[in-house]
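Enquirer: Each chain, written out:
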Amino acid sequence: MIQPFTPEPIRYVAEDGTPVQPLPARFTPELLRELHGLMLQAREFDRKLITLLRQGRTTFYAQSSGMEATQVGLARSIRVGHDWVWPYYRDHTLGLAMGVPMFELISQCLGTNSDTCRGRQMPHHFAAQAQNFVSISSSIASQVPPAAGNAMAQKYLGVDEITVCTFGDGATSEGDWHAGLNMAGAAQAPALFVCENNQWAISTSIREQTASETIHIKAKAYGMPGYYVDGNDIVAVMEVMTAVAEGVRAGQGPALVECLTYRVGSHSNADADAEKHYRTREEVEEWLGRDPISRVEKLLEKLGHPVSAEERAEIIARTHREVDEQVLRAEATGQPDWRIIFEDVYADVPDHLRQQEAFLRAEQSGGPA
Amino acid sequence: MTATQDRQEQGAVGRTRTINLIQAVTEAIAEEMERDNRVVLFGEDVGARGGVFMATAGLQERFGKHRVFDTPLSEASIVGAAVGMAVRGLRPIAEIQFADYMGPGFDQIISQAAKIRYRSAGQFTAPMVIRTPSGGGVKGGHHHSQSPESYYTHTPGLKVVMPSTPYDAKGLLKAALRGEDPVIYFEPKRLYRAAKGEVPDHDYVVKLGEAAIRREGDDLSLIGYGGVMPDLEKAADALAAEGVSVEVIDLRSLVPWDRDRVLTSVQKTGRAVLVSEAPRISNFMGEVAYVIQEQAFDSLTAPVGQVAGFDTPYPYVQDKVYLPGPNRIVAACVQALNY
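Chains as they are written, first to last, in the numbering used here: chain A, 1 to 369; chain B, 1 to 339.
Treat the hints as calculated values from the structure; they're not laboratory data. Misleading hints may appear alongside valid ones.
Unchecked claim - In silico EDC-like pairs for lysine to aspartate or glutamate, Cα to Cα no more than 16 angstroms straight-line:
hint : chain 1 : residue 1 : chain 2 : residue 2
1    : B       : LYS234    : B       : GLU216
2    : A       : LYS298    : A       : GLU311
3    : A       : LYS302    : A       : GLU30
4    : A       : LYS276    : B       : GLU61
5    : B       : LYS65     : B       : GLU34
6    : B       : LYS65     : A       : GLU208
7    : B       : LYS320    : A       : ASP16
8    : B       : LYS268    : B       : GLU233
9    : B       : LYS196    : B       : GLU242
10   : B       : LYS320    : A       : GLU363
11   : B       : LYS268    : B       : ASP298
12   : A       : LYS302    : A       : GLU8
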């Protein structure tokens, strides 16, 4: 039985890889290696995408380095393709771990013809129908009330799905966040709210964001349990998240889980020199010491199943190779043409848009505009 | 009246410097904070970070955290708090990180900021400025590229401004801060560093509600504001090369807007083409077109032309195609000229 409202984050594994409570039986070396591989892949994906950004092949990227345990742990705690997810814009690791093809993620970042979203949104704003991974919006917390509604529909329909809604710490200040949690609480809808508390909303620290000691205690006001988890401990994230998700699924009403983690990179390419402006190198170094990937490596070592340097290098090389391949494959599909401007605005194209489309067609073909 | 004459009229003589539009914004804020200690600045990331575009860089260091501060990520709170501060006697500048994010603050803008003077019969007022980067052309997709000015021009009680030059950016922002009404101050983000120009060393303001004539001409009045202005200039150059004399007008402020200068121009040229990158339906330029046909119908030798964005969400990949560029503007002018 996982306890809500703990004063300290729930954890199973300390920074040095020592278990601080007995590991649940399912965390076999095989599973831990698999999770390690997923997290390492996600980190290398970040690294490669930053390279693409520097090469000018994409124009925006928001790293999730440092937050892999939270996102991979969440992905492995829900029923992918069955449950619904309303993500926020730093969730590509969640997407990867849920099985969204790397090709789709890269295509969206490059805005190519192979982008399932047709180049409509800025890079890093995916949607993946097969995984019920609903379109990412840049507007902070605007996904929270719709997620509450998604969960209310699931309750109405009597399905055993749940709705997962993720957000950063900054989102918890928005009116939409409070409105969404309140609605889900009042409706006793099967919603799992997950705060990926990485402690910085661009340059605003959590201490400037709220006078509340933690985020999870806000759940009290909305009549739902709030759980506090070490978001860099993948065992803790999966244990808590799985239990809470299944409780939500069983009709116990919505819940909020706060994963305390840290984004070690900048917010995006827009503030690449974060340490110069708003946070200290010491703080970043301190959190690097709590790194989720090296924590699992240390744990595996203590369990007598270390990840060898060769295995590690192989995962990195494979990820780099795969990203390179998928980038070339995506780029080969070209760029969506001007027609994408008019499609999907309405279910049926109204006359005024047809006229504007005809105007643009003539202009683009060099005819009379 | 030309832009040069405008400056002379406002006493802008003496030494000048060349700066870009974002520097003009920073200077205007700094000078007004220096001049009036009621001016405070806040929003997301405006403090140590200096704003996502660095418009407020160095201001927290210079004026302290009590006057320049970061807020929780909540546009409703930012705008609502600004209203309360203004009512209590401060002169708040609220930065909304992108105009696309004003949605959560919309109720506070239209219900509180815009209405408090009217509903209290002037007992309480909210003189404040909401600054926000707006418009496309920076590969931002629809959440970083929209032109929502018409939502606000439709709301009585608000003033709405959008400069296109450093001179105007500085002078209009100062005027907005010295005024008695809430002002939505849109900053065309694609001109932040692209628009460079001279500003005088001494203090000056650009009065809200006066358009600038960027160049004089006899055959057609080409009217725009904000991010499209460089395209109007390019279109006028192209037409000049064909022997067409175009008068280029920058509205600079939309509420109030300069009917007189627009009408005088159209009465002289007989033709008007209106340019804005916002979607066409309910575009503010529809109001300008209406006034032209109402007040200058007899002078018109062609229907009023309009070049606007499409009635679609702003696209990411094809954003250059979406924006009205010089070619589309020239085509609309040619259509009016050949009517």
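Enquirer: Compare the structure with each hint and give your call.
Expert: Hints, one by one, checked against the model:
Proposed proximity of LYS234(B) and GLU216(B) is supported: the alpha carbons are some 14 angstroms apart, at most 16 angstroms. Taking the CA atoms of LYS298(A) and GLU311(A), the gap is about 15 angstroms. The hint holds against a cut of 16 angstroms. For the suggested pair LYS302(A) and GLU30(A), the alpha carbons sit about 14 angstroms apart, so the restraint of at most 16 angstroms is met. Pair hint LYS276(A) plus GLU61(B) holds up; C-alpha atoms about 14 angstroms apart against a cutoff of 16 angstroms.
Restraint check for LYS65(B) and GLU34(B): the C-alpha separation of about 15 angstroms stays at or below 16 angstroms, so the hint holds. A C-alpha spacing of about 12 angstroms is found between LYS65(B) and GLU208(A), which places the hinted pair at or below 16 angstroms, so the restraint holds. Among the hinted pairs, LYS320(B) with ASP16(A) is inconsistent with the structure: their alpha-carbon atoms are about 52 angstroms apart, more than 16 angstroms. The hinted pair formed by LYS268(B) and GLU233(B) fails the criterion: a straight-line CA distance of about 19 angstroms is larger than 16 angstroms.
Under the criterion of a C-alpha separation no larger than 16 angstroms, the hint pairing LYS196(B) with GLU242(B) is inconsistent with the structure, at around 28 angstroms. Using a Cα cut-off of 16 angstroms, the hinted pair LYS320(B) and GLU363(A) holds, with the two alpha carbons roughly 13 angstroms apart. For the hint linking LYS268(B) to ASP298(B), the alpha-carbon distance of about 11 angstroms falls within 16 angstroms, and the restraint holds. With a C-alpha separation of about 25 angstroms, the suggested pairing of LYS302(A) with GLU8(A) is violated against the 16 angstroms cut-off.
In this structure, the hints that do not hold are numbers 7, 8, 9 and 12, in rising order.
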